[in-house]
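From first to last, the protein sequence lines are chains E and C. The numbers in numbering that gives the first Met the number 0 rise by one with no breaks, and the one at position 162 of the first sequence is 161. The numbers in numbering that gives the first Met the number 0 rise by one with no breaks, and the one at position 230 of the second sequence is 229.
No wet-lab data here; the hints were simulated from the structure. Take these hints with a grain of salt, some might be off.
[Stated by the list, open to error] Covered, in the sense of this in silico footprint (three residues per stretch, anywhere, with C-beta under 8 Å from a C-beta of chain E), are these stretches of chain C: (1) 158 to 171; (2) 178 to 185; (3) 201 to 207; (4) 226 to 237.
Heads up, the beta-carbon is just placed ideally off N, CA and C, and yes, glycines get one too.
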Amino acid sequence: MRPFDHPGLLYRDVDEFLAATVPFVRAAVDAGDPVLVAVPGEKHGLIREALAGAGDRVEFADMAVNGRNPGRILPAVLLPFAAAHPGRRVAIVGEPLWPGRTATERAACAVHEALINAAFEGREASVLCPYDAARLDPATVAEAWRTHPEMIDGGERVPSGDYRDPLLVAEAVNVPLPPPPAGAAVLAYARSKDLAEVRAFVRRRAGVLLGDERSRELVLAVHELATNTIRHAGGPGTITVWTEPGLLVCQVDDGGHIGDPLAGRRLPPPSGPSGRGLLLVNQLCDLVRLRSGPEGTSVRLQMLLT
Amino acid sequence: MGGLPLLDQVTLGDHVCWTVDDDATRLEAIAGFVRAGLGARHRVIYAGDDPGAVLAGLERHGIGTRSAIDQGLLHATTAEASYLTGGVFDPEATLELWRGEIARARSAGCPGIRVVGDMTWASRRVPGAERLPWYEAQVNTFFLDGYVAGVCAYDRRRFDPLDLRRLSWAHPGAAATRVPFEPGSALRARRIRDPYGLRLAGEVDLSNRDALRAVIEHLFDEEPAATVDVSELTFADTAASRILVDAAGHGALRLVGVSAPLRRLLDFHGARRVPRLTVVPR
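Generate the whole structure from the sequences, applying the supplied hints.
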């Protein structure tokens with residue numbers, strides 16, 4: 000068995016991108032391994048064309064859609080693909096970052112990249128992560144060196160001197176959340192009978208901005224987090240809502256501590272009790288940032304305004 | 000006097016956990032509940048500590064208790080003669096007692112029953128009281144026919160907050176001193192006969208999840224297949240939708256009137272892979 004392989008790829012133009020990704024995909028196809036190419040949709044055509052006929056044996060996912068929230072790339076894209084091919088080595092091209100990702104999204108991507116190492120530890124898989132080194136800022140490229148055990152740079156594969164234990168890296172790249180603005184609306188809750196008010200509070204603030212469907216999704220996400228507080232943290236908690244350019248932001252704070260760094264990113268067991276709240280939140284929201292420690296937990300949710 | 004009308008919205012079929020912490024508010028709300036019941040010719044039962052004092056209090060609120068008792072409409076009894084016959088709390092015996100009470104009222108042609116249970120007895124470490132959460136969940140099946148309204152009064156000053164929390168989760172609805180019972184945020188479950196099953200309305204979350212679990216648990220008691228109409232269910236969270244998906248493990252389940260958000264939650268729990276589950280969109 001070959002160990003889990005998770006190289007980062009620094010490319011500076013389309014040729015460099017294809018020169019690394021296409022042989023990676025082709026080799027896996029030739030070996031009979033299932034292949035998933037999860038990159039922004041605009042690149043699907045490029046790769047398909049370069050692969051010629053072999054492209055038919057490859058599954059594609061649009062990272063700009065499925066991976067809009069980096070927190071759901073593992074549970075909704077990478078892990079289900081691996082689980083659909085039990086006992087097989089899978090090969091995945093995963094590009095979660097692209098120019099235009101905001102600072103908050105970049106931080107969430109770095110956490111995701113670090114956690115791939117933990118989620119796939121001991122599994123038969125190769126995940127190649129391309130980074131557009133010509134257009135991404137140097138700090139983002141530096142993060143890639145921290146979250147990948149090996150890097151491909153200028154066509155050469157080298158071990159990363161900056162790579163450390165995945166969980167420590169995930170912790171280190173999970174930068175603190177800037178405080179909510181002073182004018183944000185705040186609601187405190189403590190008991191299960193407060194949940195109806197929690198939902199009404201979010202609904203009032205989200206309804207007009209997000210429209211029916213998306214506001215229902217945010218209401219459900221916040222409800223699930225508040226339910227976790229009451230069940231597991233023993234309450235109380237607070238909900239803070241505000242807007243930022245292009246975004247509705249909602250933060251749930253409580254005194255609990257989420258010890259599992261992969262919480263909300265694992266595939267749910269087929270049966271068993273609840274504990275899927277965070278997983279659902281990752282699926283519902285456009286971005287989820289989670290910071291947890293002995294002093295408490297903050298979960299920040301972002302919804303894009305349309 | 001002049002407080003919030005806490006229990007005015009309670010109707011036949013509702014089972015409400017009412018956390019009280021002040022005696023004047025408590026009596027006023029009981030008086031309102033009793034008055035509405037007597038006005039509708041419902042049989043009204045108070046079971047709990049100090050029935051004499053409660054009757055006297057109702058008189059002060061202008062309710063002619065004497066004539067109501069004489070007409071067989073009002074009955075005030077002690078905890079010892081209701082929940083604690085035999086000196087201990089025996090949930091099965093208590094359920095049996097209520098079953099008999101319902102049968103008697105029905106055969107007398109009475110249009111409905113309203114019960115106020117003062118649960119203070121359970122704070123006194125009575126043997127069997129640890130099974131009260133189970134009892135409160137099971138008793139929900141008695142409300143499915145829309146014939147009984149029940150208000151369980153729990154004195155916040157007498158109960159451990161954690162115990163109270165678990166007890167309240169077994170009730171489909173809740174009220175507290177400054178929080179009236181609000182049907183919109185409660186769960187209303189009613190039996191349907193054609194097709195056989197249940198109709199759910201309102202909202203299900205952590206506050207009433209155990210009540211939903213209990214009525215769903217008994218869904219296949221009478222038939223191997225059932226329909227649950229969720230078209231009036233305005234909110235269900237992940238755990239609630241999980242209960243619905245898991246129900247199909249016990250019988251053939253048809254969920255009708257499923258909204259798009261609920262559909263998504265059902266799918267999240269793998270509904271499409273459950274063989275005996277049919278999901279019919281709204």
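Status of each hint after checking the structure:
1. Under a criterion of three residues with beta carbons nearer than 8 Å to beta carbons of chain E, the stated coverage of the segment 158 to 171 of chain C is upheld, 3 such residues being counted.
2. Proximity of the segment 178 to 185 of chain C to chain E, defined as three or more residues with a beta carbon under 8 Å from a beta carbon of that chain, is established by the 3 residues found.
3. A stretch counts as covered by a chain when three or more of its residues have a beta carbon under 8 Å from one of that chain; for the segment 201 to 207 of chain C and chain E the count is 4, and the coverage holds.
4. Closer than 8 Å: that is the beta-carbon criterion, and the segment 226 to 237 of chain C has 3 residues meeting it against chain E, so the requirement of 3 holds.
The earlier numbered hints are all upheld by this structure, with none contradicted.
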